[in-house]
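Residue numbers (this note's numbering), protein chains in the order written: chain A, 1 to 483; chain B, 1 to 481.
Note that these hints are calculated values from the structure, not bench results.
Treat the hints with caution; some may be incorrect.
[To be verified] Heads up, simulated SDA-like pairs for lysine to any residue below, C-alpha to C-alpha not over 25 Å straight-line:
{"hint": "1", "chain 1": "B", "residue 1": "Lys-116", "chain 2": "B", "residue 2": "Ala-129"}
{"hint": "2", "chain 1": "B", "residue 1": "Lys-269", "chain 2": "A", "residue 2": "Lys-14"}
{"hint": "3", "chain 1": "B", "residue 1": "Lys-403", "chain 2": "B", "residue 2": "Gln-382"}
{"hint": "4", "chain 1": "A", "residue 1": "Lys-14", "chain 2": "A", "residue 2": "Ile-35"}
{"hint": "5", "chain 1": "B", "residue 1": "Lys-409", "chain 2": "B", "residue 2": "Ala-446"}
{"hint": "6", "chain 1": "A", "residue 1": "Lys-331", "chain 2": "B", "residue 2": "Ala-129"}
{"hint": "7", "chain 1": "A", "residue 1": "Lys-380", "chain 2": "B", "residue 2": "Ala-327"}
{"hint": "8", "chain 1": "A", "residue 1": "Lys-371", "chain 2": "B", "residue 2": "Pro-279"}
[What the hints assert, rightly or not] Only some residues are given here: those of chain B computed to face chain A with a beta carbon under 7 Å:
{"hint": "9", "residue": "Gly-32"}
{"hint": "10", "residue": "Thr-37"}
{"hint": "11", "residue": "Pro-41"}
{"hint": "12", "residue": "Gly-48"}
{"hint": "13", "residue": "Asn-82"}
{"hint": "14", "residue": "Ala-227"}
C-beta atoms are modelled at their ideal positions from N, C-alpha and C, and glycine is treated no differently.
Residues per chain are reported as follows:
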Amino acid sequence: MSKIREINTKLNSKEISAVELTTIYLDNLEKTSSIIGSYISTTKKEALAKAKMVDAQIAKGEEIGLLAGVPMGIKDNISTTGIETTCGSKILAGYKPIYNATVVERLYAAGGIILGKCNMDEFAMGSSNENSAYGIVKNPWDLTRVPGGSSGGSAATVAAREVVFSLGSDTGGSIRQPAGFCGVVGMKPTYGRVSRYGLIAYASSLDQIGPMANSVEDCAIVHDIISGYDRLDSTSANMKATSTLAALTKDIKGLKIGIPKEYFQGDEKVLATIRKALAKYEELGAIVEETSLPNTEYALAAYYIIASAEASSNLARFDGVRYGARDGSKKDVTEMMSGTRDKFFGQEVKKRIMIGTYALSSGYYDAYYLKALKARTILKRDFDQAFAKYDVLITPIAPTLPFKLGENIKDSITMYLGDICTVTINLVGIPGITIPCGFADGLPVGMQILGKPFSEELLFNVAHSFEQNTNYNSFKPEVAINE
Amino acid sequence: MNKGYEAVIGLEVHVELKTKTKIFCSCTTEFGGSPNTHVCPVCLGLPGVLPVINEKVVEFGVRTGLALNAKVPNYSKFDRKNYYYPDLTKNFQTSQFDLPICEHGFLDIEVDGIVKRIGITRAHMEEDAGKLVHSGKTISSSYSSNVDYNRVGVPLLEIVSDPDLRSSEEAKEYVDSLRRILTYIDISDCKMEEGSIRADANVSVRKIGASEFGIRTETKNLNSLKALQKAIEYEIERQIEVLEDGGVIEQETRTWDDEQGITLAMRSKADAHDYRYFPEPDLPPIILSDEYIEEVRASLPELPESRKKRLIEADGLSDYDANLIIADRHLADYYDQVRKEISDGKLIVNYLMGDYYRELGEAGLSFVTSPVKPEAFIELLQLILDKTISGKIAKEIIPIMIKEVKSPKSIVEEKGLVQISDSSELEGMILEVISNNPKAVEDYRAGKGNSIGFLVGQVMKASKGKANPALVNELLKKHLC
C-alpha cells in the first residue's frame, strides 16, 4: 500500500483508518530510518493529530481528496510551523518556524500527513548527503553508497517506502540526482511553477521545490497540489493551474526526443542503461535523434558562481542575533556574529559562502558573476534551439552510479563534476523529471527528461508512458518494510 | 569664501515614504509602537520569506522623479546591498544600484533673490533598517544593546544631488525646497524630528577657479536643518585649515556631534564597505509603461514654483506674500479655493495670514486642522466686500468661527453685528457724540483735522462697532462744518 490511489480507495471504503495507516507507517519508519538516516526529526504527534482529522472527515461521510491521509516527508529546508526546521545545519538547531511554507499549507489543506523532516546536505549544498550536520544518509539499495543529494533523505525515504511521497528542493539537481540514485521519480518543475515562500533559500534564482514518489502518477498528483501562483512569491508564475494528472494519456506517438551528446559521457554501464530506455521509447512510437547543447562546458562554472554568490547573501542572516544557535562566549556583537557563523556552519557551506563573497567583490564582479550571467544567457539559447526541434530531451541523471560513502567527499572537483547533467537545467529554469529506467550492478539508474518552460504536462506523460510499459518501479530495496 | 577657497557640496537625502504599509510586507509603517510589534516573518527576515513590492512605493518613486524633472525609465530593478549589522534582519538591504527608479533631474533654489539650478543625480527606493537601543549613552559604553525592528522595511527614497551646492545656505535652501515639493506631491511627511527626512552631506573645498574637485568627506547623522548647516560650515572651515597647514584631506565618513558642534572621523576609505551589490533575485524587475508614467504625471498637483509664479503674475501678490502662501501645500490649496470666489488676492492673504492665522495659533490649530472650511472663509470676505460688516467686526467673528464652527453669516445675525450703513440710524448717535465732546469739536473747528478720528471712534463705540466707519466720517464732517 504505497501508492496514493490505493490508499485513497482503502480509506474511503473504511478498509483501514487514517490513524491505523499512519501508525503502521510511523512504526516502520522508526525501524528503517534509523538504519538509513533519512530523517532529522519525526513528527508523530502532528501525524496522528492530522490523521484523526481525516478519519473524522470520513466518519462524517465527507468526500476526501486524493492526498488525505497519505504519509509524507518534508525536506528540512521547508518551513513548518512549530516543527524544527534545521536545513541540516547546527546553526538552525532548535529553530521552529512561526509560519508554514506555501507548499506545506497546500499539502496540509489536502490532508497530507507529515511524518517528519527529511535529512539533507547542509543548506542544500551537496550531492551525496554527506554534508548534513545530523548524520549521513545511506542509499537504501546499498547501505555503503550515497543516496545522492542534497535531497538525499527525501529520496531515500521514498525508496525505502517509509512515506508515500516527499518534497525535495532542487537548486542544481538536488531532487533529480538523488531520485536517480535511489530509483524513485523526482520532478523539478519550471522555475516559478511552485511557490518558494517558506523554502529556506540556497540560491534564489535557481531553487525550486518539487515532489518525489514511487510512481509518475503520484508525483503528478502532488505536483498539481503544490504548484500554482502564490502572491507571497513574486517570482511565482501568475498563470492558470495545470492538471498534469489529467494529461497522463500514455500516448507519445511521434514524440521527438533529442539526445544531447554532451550529456552522454561517463560510466558505460549508466549510458548503456539509458540507451536501452531510449530504444523502448522508439518502440513506443517516439523519434529519437542525437543533438547538441554546444555550450554545456560553461554550465558547471556558471552554476557554482551564481549559486554561491546568491548563497553568500541568503545565508548572511544566520548570525545568532535573532534565532538559531549563538556563540555565547563572545562579548562584542561583531565577534558574536562571526563566532556563531564560524562555529555552527559546516565546511562546505563556509566554502561556498567564501566563493560567493569573492565572486561578488568589487574588482571581481565582472570577471566572475557577470560572466556567469552571460553564460546563463548563452545556455538558455542552446536550449531554445534544441526545443525548436525536439519536444523533450533525455539524458542520464549523473555520469556515474551511486558512489561509495566517503569516496568523493574529500575531492570537491570530482563531486562538483558529478552535477554536470543537472545544474544547467536550473540555470535555464526549465522543468526536468527523473524516473528509474533500469539497474546496473544492482543499483538503480535514473533517466532525466527535460522540456520547455511550463511543459510539465508533457514531461509527466512522457515519463508515465515509459513507466507503464516497463516494470522498474515495481522493485524495492530489501530494507523497505511497507509494500 | 575663505582664503580664496570655495566649497563643493552634494547632499544625499533619505525620505521616509508615507505609505500605510512597509515596502515588502503588509506591516504598518506607523511611527513608534512598542518595540518589535510592527513586524512579521517577512520584515523580520525569517528563513524562507520573500519580499513582495508595495506598488505604492513605486508610484511614489515615479511621482518624485517627475516632480524633480527627472527621467523615469521603463525598466528599473532592485539590488542587494550586503553588509553585516544587527539593525538589519537579513544582513543585506534591498536597495537599487545601477538602475534606479529615476535619474537626471533638477531643482531650482533661490538664495538672495538669485535662482540656481541644482542637479538631481538620482533617486532610488530602499528599505529602512531597525533601531539599536543601547543600555548606555553610546555603543562603546553600553553593556548591552537591544534592537527594535519596527522600522525595518519602512520604505525610503534616497535622493542624491549633484555636487552643485556651494554654501551651507544653498544646502539649507535645497533641503527646504525639496521638502516643500515632497509634501506637495504627498509622498512624505518630511518631519525631521521624527526622522522621516534625514541628510548626509558630501563636502569638499577647492581654490576658486580650480576645475578639479577636492577630496571629499561624507558627514552623516544630520537630523535637523540647523545641524546640516552647522556641520557643512564646520567641515568647510576644517578642510580649509587642513589644506592651509599643508595637510591633505582624508576621504572618509564623518559624523556630526551636535553637542560639541564638530564633525568626527568615523571610518576611512580603506575601511569602507564593499557592499557586493547584485540584482535582487527574489524580485522581478520593475517594468513601467509610458501610459503608467503619464498617468502619474497627470495626477501631480501644481508644484510650488509654478504656483508662486501664478500668484505673483495673475493675482498680483508680492514675492513675500506669495512665498508665505506656497510654503505649505494645504495653505496654498486653501488660498486657491477661496480665490475662485474672491478675486482680490491681497485681501485673501491679509485675512488668511493676519487675524485668522493668529487666532488659529491661539486655539492650538493649524491650517490643516482648522475647522473653518474655505466656503466659510469666502462668506466672511464677501460680507466684508459688500460692506455688511466692517473689518473690525470681521476680527470679532473670526475667533467665533474657529471656536464654535459657525458660518460668519449666522454669527452676524445671531449677534446683530450687521454694519449700520443707514444715515438716519446714525444721526442720533452722531449728535450725541458731538454734544458730549465739546473739546474735540472745538479742536476740529480750530483746524486740528485729526481730532475727527477721535470722534469717529466715539461713534463706533456707541454703535458697538457696527457703524460703517466711512459713513460716520462723512456724516460727522457734514455736522461740524
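Okay, the hints, checked on the actual structure:
Pair hint Lys-116(B) plus Ala-129(B) does not hold up; C-alpha atoms about 34 Å apart against a cutoff of 25 Å. Among the hinted pairs, Lys-269(B) with Lys-14(A) is inconsistent with the structure: their alpha-carbon atoms are about 74 Å apart, more than 25 Å. Between Lys-403(B) and Gln-382(B) the alpha-carbon distance is near 21 Å, which keeps this suggested pair within the 25 Å criterion. Among the hinted pairs, Lys-14(A) with Ile-35(A) is inconsistent with the structure: their alpha-carbon atoms are about 33 Å apart, more than 25 Å.
Restraint check: the Cα-Cα separation between Lys-409(B) and Ala-446(B) comes to about 43 Å, which exceeds 25 Å; the hinted pair is violated. With a CA separation close to 23 Å, the supplied pair Lys-331(A) and Ala-129(B) stays within the 25 Å bound. Between Lys-380(A) and Ala-327(B) the CA atoms are separated by roughly 56 Å; this puts the pair beyond 25 Å, and the hint is violated. A distance of roughly 14 Å separates the Cα atoms of Lys-371(A) and Pro-279(B); the hinted pair therefore holds under the 25 Å criterion.
At its closest, the beta carbon of Gly-32(B) sits 22 Å from a beta carbon of chain A; the interface hint therefore is violated under the 7 Å criterion. Restraint check, Thr-37(B) versus chain A: the minimum CB separation of about 15 Å is more than 7 Å; hint violated. With 7 Å as the threshold, the beta carbon of Pro-41(B) comes within range of chain A, its nearest partner Cβ sitting at about 5 Å, so the hint holds. With its C-beta approaching chain A no nearer than about 4 Å, Gly-48(B) sits inside the 7 Å limit, and its interface hint holds.
Interface restraint check: Asn-82(B) against chain A, minimum CB-CB distance 5 Å, threshold 7 Å, status holds. With a least beta-carbon distance of about 27 Å to chain A, the hint placing Ala-227(B) at the interface is violated under the 7 Å criterion.
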